[in-house]
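Novice: Make the full structure from the sequences, and use the hints.
Listed below are the residues making up each chain.
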Amino acid sequence: MPAPVRRPAASARVRTGHFGRRLARALTRDPGKVAMFLALLLVTIVMLYPFEYMVVNSLRSEPQYLLQRGFSLSSWPALFSALPVGQELLNSTLIATAAILVILVCSSAAGFAFAKLAFRARGLVLLAVIGCMMVPVQSIIIPEYVNFANLHLINTYLSAILIYAALGTPFATFLMTAYFRGLPDELVEAALCDGLSYRQTFRRIALPLAKPALVTVTVLQFIQIWDDFLVGLLFLQEPTNRTITVGLGTLSSGHVVSVPVLMAGSLLSALPAVVVYLFFQRYLISGLTLGVAR
Amino acid sequence: MAIVPEAARAASGAGRQGRPRRRSALGRSRARAGLTLIIPAVVLVGALIIVPIGQAVYYSMTNWNGLTSQWIGPSTYAALFRNPTFWRVLENNGLLLLSVPVAIAIPLGIAAMLHEHVWGWRIFRSLIFLPTAISWVVIGMVAVQIFALNGTLNAMLGAVGLRFLEHDFLGQPNTALLAVAATFVWSMVGTNTIIFLTGMSTIDPGIYEAAQLDGAGRLAVFTRITIPLLKRYFQFSFVITLITAFTALFSLIFIMTGGGPDYGTTTVEFFVYQQAFNVGQFGTGAMLGVVLFVIIFGVSLAQLRLLRGDH
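If you're matching them up, the sequences are chains A and X in order.
Count along the first sequence from 1, then add 9; that gives the number in my numbering.
Count along the second sequence from 1, then add 1; that gives the number in my numbering.
No lab work stands behind these hints: they were computed from the structure.
Just so it is clear, CB atoms sit at the ideal spot from N, CA and C, and this is done for glycine as well.
Hints should not be assumed to be uniformly reliable.
Keeping only pairs whose Cα atoms sit at most 25 Å apart, straight-line, the calculated SDA-like set for lysine to any residue is [unchecked claim]: (1) A:42 to X:211; (2) A:220 to A:288; (3) A:42 to X:212; (4) X:232 to X:296; (5) A:42 to X:103; (6) X:232 to A:291; (7) A:220 to A:199; (8) A:42 to X:221; (9) X:232 to X:190; (10) A:220 to A:203; (11) A:42 to X:202; (12) A:42 to X:97; (13) A:42 to X:199; (14) A:42 to X:296; (15) A:42 to X:190; (16) X:232 to A:187; (17) A:220 to A:287; (18) X:232 to X:97; (19) A:42 to X:220; (20) A:42 to X:114; (21) A:42 to A:57; (22) A:42 to A:30; (23) A:220 to X:43; (24) A:42 to X:131; (25) X:232 to X:116.
One side only, chain X facing chain A, incomplete, derived with CB under 8 Å [stated by the list, open to error]: (26) 136; (27) 146; (28) 150; (29) 255; (30) 287; (31) 290.
Per label pair, the in silico range of CB-to-CB distance [unchecked claim]: (32) X:306 to A:106: 51 to 57 Å; (33) A:31 to X:302: 51 to 57 Å; (34) A:65 to X:159: 15 to 21 Å; (35) A:29 to X:208: 34 to 40 Å; (36) X:262 to A:77: 25 to 31 Å; (37) X:48 to A:221: 25 to 31 Å; (38) X:117 to A:103: 44 to 50 Å; (39) A:31 to X:210: 21 to 27 Å; (40) A:291 to X:26: 41 to 47 Å.
Specialist: Following this line, the structure appears as structure tokens:
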């Protein structure tokens, strides 16, 4: 592509410092790109507005919020007295960690089998497992609730862990199967020749190689479980065992709490998932686009 | 979600890759190892997804209240389809679907701009995708403040001289549904932008250079080259957006409007919860769950057909 001819435009001579000069040059060379830059800036502001709103208003007291003027830290202690925040953060962490462990075990083992070990009706079983991705939670939540009530497991960590694990396993299995299919068959054969059993091959050879896929599953599921509301709302009804997202959601339906306190709670509950996002963005995107990328 | 075509391809590919050698001892031990390794996943998914779906279908034909149930039969569905509230709720779903094209078009435009690699595009990409990490509960919390009578939107309308448009957006059915739809569109931006951006990065830059040499402008390149080459990505984003609209808005509606005012923002998925856990009609709730499942299943099947037609 031939380089665009640089025109000595008058605006390039305006002395407004380094940035100004670059902007001026860009404007004359490619006004379209500058317009796009500004449009993207606007989009970003719209996308980040809720964060700005939460931060600013959580730093106000109720009267300051009504005036939209002034700052104080009084809403944060108010949040901690309105909600057992520490306990709820702990609950979220424990439940998410346990469910993710179950998902990782189930999906990596099944993924390896579906990708590398031939058995009868393999395709059909795989289709049944990953077809469960299509089942909306709302379609199964009522029988699920009654089943767990009959087992006296409502309001236990176990009920939420099992349901999150079951909901996450189909997609995770799909992802792991796709990943293991990408590993060469020779790898398995070589391991077998070295005298390893199939299960040893899985655990010592395949699993360590699958680290990127395992991280992707972990990150996706962490955000999914951390952010879930419906399952927690039904299966974790006590302040002592509910997650931070459920605590926050039920707080708002009471309509008694001040907006700054709600915003402090929202910010606190969003923070862990945002931090995970910032560190593991790459994995999240690869998991999301796997569905079409191949 | 929305991976059914891949599932089908995976399933058909499974036969190709290492057909079971029934007679060899190695084949037998391999099959045994395979079956052992799938047990945890199959048991988990079977007991907690497949069995409950079966239960939901059964209970949908009873007058189940959670404790006792009496068999009524398929006539429960006939009664549901005669219920005007059900149609009201379904209509809300239909109206929400009208926002799906918007939820695809805006991210398409954003992705196209990011793909031009303007100054700082990586930072823009990260920040635009960031809201996908936050929960519907948090999104709903802030949305309530934006659409409230003394909220951001009304303040902005007042500031630009459109005071006559000021409104208690969440206080009336039509505007409340519009507010839910707008929030839904906003929260799909990150996901759909990333999908389209991924698609655009797979297009060979040589095609663009050739088009530019032929004197095609930016818009012509976009409409004649980029969009046709993104077909698969359009389908993927369409299905994801559709499924989200049908099955993922419960928490948002719960926080923003509670389904009201007057069923104004109650969708099928919200109706499931309401019927079962507010009214105690577990049978009706299960039936609505089955209806929702059938809708999603239909969408997935249609997508599968479309993709099959491609090959």
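Novice: If a hint holds in the structure, say so; if it doesn't, say that too.
Specialist: Evaluation of the provided hints:
The hinted pair formed by residue 42 of chain A and residue 211 of chain X meets the criterion: a straight-line CA distance of about 20 Å does not exceed 25 Å. Pair hint residue 220 of chain A plus residue 288 of chain A holds up; C-alpha atoms about 16 Å apart against a cutoff of 25 Å. Under the criterion of a C-alpha separation no larger than 25 Å, the hint pairing residue 42 of chain A with residue 212 of chain X is consistent with the structure, at around 18 Å. A C-alpha spacing of about 23 Å is found between residue 232 of chain X and residue 296 of chain X, which places the hinted pair at or below 25 Å, so the restraint holds.
Between the alpha carbons of residue 42 of chain A and residue 103 of chain X the distance comes to roughly 24 Å, so the proposed pair stays at or under 25 Å and holds. Distance restraint check for residue 232 of chain X and residue 291 of chain A: the Cα-Cα separation of roughly 24 Å lies within the 25 Å cut-off, and the hinted pair is therefore satisfied. Pair hint residue 220 of chain A plus residue 199 of chain A holds up; C-alpha atoms about 20 Å apart against a cutoff of 25 Å. Under the criterion of a C-alpha separation no larger than 25 Å, the hint pairing residue 42 of chain A with residue 221 of chain X is consistent with the structure, at around 16 Å.
Distance hint between residue 232 of chain X and residue 190 of chain X is fulfilled; the C-alpha atoms sit about 18 Å from each other, no more than 25 Å. Only pairs whose Cα atoms come within 25 Å are accepted, and residue 220 of chain A paired with residue 203 of chain A is accepted, the gap being roughly 23 Å. Our distance criterion of 25 Å between C-alpha atoms is met by residue 42 of chain A and residue 202 of chain X, whose separation comes to about 18 Å. Restraint check: the Cα-Cα separation between residue 42 of chain A and residue 97 of chain X comes to about 34 Å, which exceeds 25 Å; the hinted pair is violated.
A hinted pair counts as satisfied when its Cα atoms are at most 25 Å apart, and residue 42 of chain A with residue 199 of chain X qualifies at roughly 20 Å. The hinted pair formed by residue 42 of chain A and residue 296 of chain X fails the criterion: a straight-line CA distance of about 43 Å is larger than 25 Å. Proposed proximity of residue 42 of chain A and residue 190 of chain X is supported: the alpha carbons are some 21 Å apart, at most 25 Å. Distance hint between residue 232 of chain X and residue 187 of chain A is fulfilled; the C-alpha atoms sit about 22 Å from each other, no more than 25 Å.
Restraint check for residue 220 of chain A and residue 287 of chain A: satisfied, since their Cα atoms lie roughly 19 Å apart, inside the 25 Å limit. Taken as a hint, the residue 232 of chain X and residue 97 of chain X pair is honoured in the structure, with Cα atoms around 23 Å apart against an allowance of 25 Å. With a CA separation close to 13 Å, the supplied pair residue 42 of chain A and residue 220 of chain X stays within the 25 Å bound. Of the pairs offered as hints, the one joining residue 42 of chain A and residue 114 of chain X holds, with about 8 Å between alpha carbons and a cut-off of 25 Å not exceeded.
Under the criterion of a C-alpha separation no larger than 25 Å, the hint pairing residue 42 of chain A with residue 57 of chain A is consistent with the structure, at around 22 Å. Using a Cα cut-off of 25 Å, the hinted pair residue 42 of chain A and residue 30 of chain A holds, with the two alpha carbons roughly 16 Å apart. Proximity of residue 220 of chain A to residue 43 of chain X is assessed by CA-CA distance (about 23 Å); at most 25 Å being required, the pair is judged to hold. The suggested pairing of residue 42 of chain A with residue 131 of chain X holds, with an alpha-carbon distance near 24 Å, which does not exceed 25 Å.
A hinted pair counts as satisfied when its Cα atoms are at most 25 Å apart, and residue 232 of chain X with residue 116 of chain X qualifies at roughly 17 Å. Hint status for residue 136 of chain X: holds, given a least beta-carbon distance of 3 Å to chain A, under 8 Å. Look at residue 146 of chain X: its Cβ gets to within about 6 Å of chain A, closer than 8 Å, so that hint holds up. For residue 150 of chain X, the shortest C-beta to C-beta distance to chain A is roughly 13 Å, which exceeds 8 Å, and the interface hint is violated.
Annotation: residue 255 of chain X was flagged as interfacial toward chain A, and the flag holds, the nearest CB pair being 7 Å apart, inside 8 Å. Using the Cβ-Cβ criterion of 8 Å, the hint placing residue 287 of chain X at the interface with chain A is satisfied: the shortest such distance is roughly 5 Å. Against a cut-off of 8 Å between C-beta atoms, the interface hint on residue 290 of chain X holds, since the closest Cβ of chain A lies about 4 Å away. Separation of residue 306 of chain X from residue 106 of chain A is about 40 Å and departs from the stated range, judged on CB atoms against 51 to 57 Å.
Taking the beta carbon of each, residue 31 of chain A and residue 302 of chain X are about 53 Å apart, inside 51 to 57 Å as hinted. Between residue 65 of chain A and residue 159 of chain X the beta carbons are some 19 Å apart, a value that agrees with the proposed interval 15 to 21 Å. For residue 29 of chain A and residue 208 of chain X, the Cβ-Cβ distance of about 36 Å falls inside the hinted range of 34 to 40 Å, so the restraint holds. Between residue 262 of chain X and residue 77 of chain A the Cβ separation comes to about 27 Å, which falls inside the hinted range of 25 to 31 Å.
The hinted range of 25 to 31 Å is satisfied by residue 48 of chain X and residue 221 of chain A, whose Cβ atoms lie roughly 30 Å apart. The hinted window of 44 to 50 Å between residue 117 of chain X and residue 103 of chain A holds, with their beta carbons roughly 45 Å apart. The supplied range of 21 to 27 Å is met by residue 31 of chain A and residue 210 of chain X, whose beta-carbon atoms lie about 25 Å from each other. A hinted range of 41 to 47 Å holds for the C-beta pair residue 291 of chain A and residue 26 of chain X, which are about 44 Å apart.
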